[in-house]
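S.K.: Chain by chain, the residues run as shown.
Protein chains: 2
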Amino acid sequence: MRAIVINQEASMPEHVDKKMPELQEGQVMLNIRASSMNHRDVWITKGLYPGIVSGATMGSDGCGTWQGEDYVINPGLDWGLNQNFQDSRFRVLGVPDDGTFADYIAIDKKYLYLKPSHLTVTQAAALPLAGVTAYRALFSRAGLRQGEKVLVTGIGGGVALMAFQFALALGCTVVVTSGDAAKITKAMKMGAVGGYDYKDTNWTKDLVTDFGGVDVVIDGACGPGFSGLIRVCQPGGRIAFYGATAGQIGSVNPQQVFWKQLSILGSTMGSESDFGQMIDFVSKHHIVPVIDCVLPLDNYRDGFSRMAEGKQFGKIVFSH
Amino acid sequence: MRAIVINQEASMPEHVDKKMPELQEGQVMLNIRASSMNHRDVWITKGLYPGIVSGATMGSDGCGTWQGEDYVINPGLDWGLNQNFQDSRFRVLGVPDDGTFADYIAIDKKYLYLKPSHLTVTQAAALPLAGVTAYRALFSRAGLRQGEKVLVTGIGGGVALMAFQFALALGCTVVVTSGDAAKITKAMKMGAVGGYDYKDTNWTKDLVTDFGGVDVVIDGACGPGFSGLIRVCQPGGRIAFYGATAGQIGSVNPQQVFWKQLSILGSTMGSESDFGQMIDFVSKHHIVPVIDCVLPLDNYRDGFSRMAEGKQFGKIVFSH
Numbered sequence: 001m002r003a004i005v006i007n008q009e010a011s012m013p014e015h016v017d018k019k020m021p022e023l024q025e026g027q028v029m030l031n032i033r034a035s036s037m038n039h040r041d042v043w044i045t046k047g048l049y050p051g052i053v054s055g056a057t058m059g060s061d062g063c064g065t066w067q068g069e070d071y072v073i074n075p076g077l078d079w080g081l082n083q084n085f086q087d088s089r090f091r092v093l094g095v096p097d098d099g100t101f102a103d104y105i106a107i108d109k110k111y112l113y114l115k116p117s118h119l120t121v122t123q124a125a126a127l128p129l130a131g132v133t134a135y136r137a138l139f140s141r142a143g144l145r146q147g148e149k150v151l152v153t154g155i156g157g158g159v160a161l162m163a164f165q166f167a168l169a170l171g172c173t174v175v176v177t178s179g180d181a182a183k184i185t186k187a188m189k190m191g192a193v194g195g196y197d198y199k200d201t202n203w204t205k206d207l208v209t210d211f212g213g214v215d216v217v218i219d220g221a222c223g224p225g226f227s228g229l230i231r232v233c234q235p236g237g238r239i240a241f242y243g244a245t246a247g248q249i250g251s252v253n254p255q256q257v258f259w260k261q262l263s264i265l266g267s268t269m270g271s272e273s274d275f276g277q278m279i280d281f282v283s284k285h286h287i288v289p290v291i292d293c294v295l296p297l298d299n300y301r302d303g304f305s306r307m308a309e310g311k312q313f314g315k316i317v318f319s320h
Numbered sequence: 321m322r323a324i325v326i327n328q329e330a331s332m333p334e335h336v337d338k339k340m341p342e343l344q345e346g347q348v349m350l351n352i353r354a355s356s357m358n359h360r361d362v363w364i365t366k367g368l369y370p371g372i373v374s375g376a377t378m379g380s381d382g383c384g385t386w387q388g389e390d391y392v393i394n395p396g397l398d399w400g401l402n403q404n405f406q407d408s409r410f411r412v413l414g415v416p417d418d419g420t421f422a423d424y425i426a427i428d429k430k431y432l433y434l435k436p437s438h439l440t441v442t443q444a445a446a447l448p449l450a451g452v453t454a455y456r457a458l459f460s461r462a463g464l465r466q467g468e469k470v471l472v473t474g475i476g477g478g479v480a481l482m483a484f485q486f487a488l489a490l491g492c493t494v495v496v497t498s499g500d501a502a503k504i505t506k507a508m509k510m511g512a513v514g515g516y517d518y519k520d521t522n523w524t525k526d527l528v529t530d531f532g533g534v535d536v537v538i539d540g541a542c543g544p545g546f547s548g549l550i551r552v553c554q555p556g557g558r559i560a561f562y563g564a565t566a567g568q569i570g571s572v573n574p575q576q577v578f579w580k581q582l583s584i585l586g587s588t589m590g591s592e593s594d595f596g597q598m599i600d601f602v603s604k605h606h607i608v609p610v611i612d613c614v615l616p617l618d619n620y621r622d623g624f625s626r627m628a629e630g631k632q633f634g635k636i637v638f639s640h
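Just so you know, the sequences run in chain order A and B.
According to our numbering, the first sequence is numbered sequentially starting from 1.
According to our numbering, the second sequence is numbered sequentially starting from 321.
Hints listed in this document are in silico derivations from the structure and should not be mistaken for laboratory results.
Check before you lean on any hint, since a few could be wrong.
[Unchecked claim] Label pairs and their calculated CB-CB ranges: (1) G630(B) x G143(A): 36 to 44 Å; (2) S593(B) x E69(A): 43 to 51 Å; (3) M321(B) x S251(A): 29 to 37 Å.
In this text, a Cβ means the ideal position worked out from N, Cα and C, and glycines have one as well.
Using the sequences provided together with the hints, build the complete structure.
M.R.: Given below as structure tokens:
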């Protein structure tokens, strides 16, 4: 079968002909019909992940067919039973476990969820990792409530867009940031009420002037701009972050945090419960993931290049 | 009546003869029999608080008598109904509102709580502000559960000691830090299972080696050492801080925070609900606040000097 595998000595993964996986107890053989990329895939090719094994199939997100039904895969393996944090055995599907950029995957049946009926296979393949990460950050961690004001930073990324769509679906007022005016324009068309260029030194003041601040921030950047997120929070605000593309959190003013009773919440991936709730939420609200482009799996190199450049708005999907 | 009032042109408050307060609607006249100091009182004398009015009576904590019954005062005025954060009208009793360092106070009856019967008037006067601040940080914010491991930093301060006693009473394993070996020794005698000098560069490693880390941290310092608090947290850990005696939070590693699913929680004072629950908890567990010394109110200068030096272990109480 086809498989796109990591080669630690090359800057791009390799297309190989791999033998079919063998089924272990509890596993089923899913015929993968679409998969999608995450930043994680690019980081793995750069060697920026622990536990990389050359020859392992890449890809965390996938949607496929088993016994005539279409399923999406929960890529969070062995989270464990504690909702508050993942077990030490926890890992994300796709390196070192063989992932979704292949024709078939042998996967434990408990990680399969029926594809929401309003989504195509291609759309559903865009959902898993970004969806569960956004869901946990927004609901399980930040406890978003209907009608609250939400800031989603770095709009255009998979998790950011999913958080944005979830918050809109709940009936929240959502503002966004980006370094790219075109991405802000797109978000405004989708329902954002405000958009700010985070490179503009006045953006936090402008947001407070325009909307009086926000109740919840969903961030994947951290970095020196983190103190601005604290400034735009209203009392009782929650900042949940799931990544740190801009690096270390710079100096933080603790008085602002305790006087406003803020909560700063680290969040990554999600539990099986988070995943199931996310699928239900997407089904209930007929949410369709934003897709940047659909490429044939054989053209995976174009997908890796596009994501590495950061030009995408939404998910990069491979059709198999 | 006697009153100790702020004089913005002097480094010490003044002892004055003040006319009796006039009762407003809903207020009762409490004969204050004991009061206690907080860091806030020292900061006010240094001009480090907004809204300071020369001539206002100082003091946030007090226990007194009205119609033959002894009451402690909830010093958190006009918190409002939202449990998540205080109303914009919120303020702490004692400058600009006339406080407890006086023979009498006119106070809204809703801020009076019957003195827990296991406490003397002197002990009860040590309870309010430190007690409610510790209770909110530990329970309402960090959600401490029985059997968890807790780190309380800067043991010796009023809030730190109260948090320490509350966590012990709940059946938690508690470790402490201090820059003063004598304070650590005292805490160990009270039930701490470990004590670390935060000036020792290896203290976080030692704590992890000794106890495997902690579930909850209660901190009042922040400052450059904050990253050490993140290091000692186990997955799912919560750091609640109520002060920042060491200044700005330095650079923070976001990967540690999101990978461990940590929560960093600002907390200040507490709601009326927090205060009522704190009084009930203290009564149920027969907690007796740690008192550093009891001074006659007329010797208030000694109290202010002692607190400014930071030598105290427990609360500095004035008997009236």
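S.K.: Does each hint hold? Answer for all of them.
M.R.: Consistency of the hints with the structure:
For G630(B) and G143(A), the Cβ-Cβ distance of about 38 Å falls inside the hinted range of 36 to 44 Å, so the restraint holds. Distance hint check for S593(B) and E69(A): the Cβ-Cβ separation is about 50 Å, which falls inside the suggested range of 43 to 51 Å. At about 47 Å, the CB distance of M321(B) to S251(A) disagrees with the hint of 29 to 37 Å.
Of the numbered hints stated above, the single one contradicted by the structure is hint 3.
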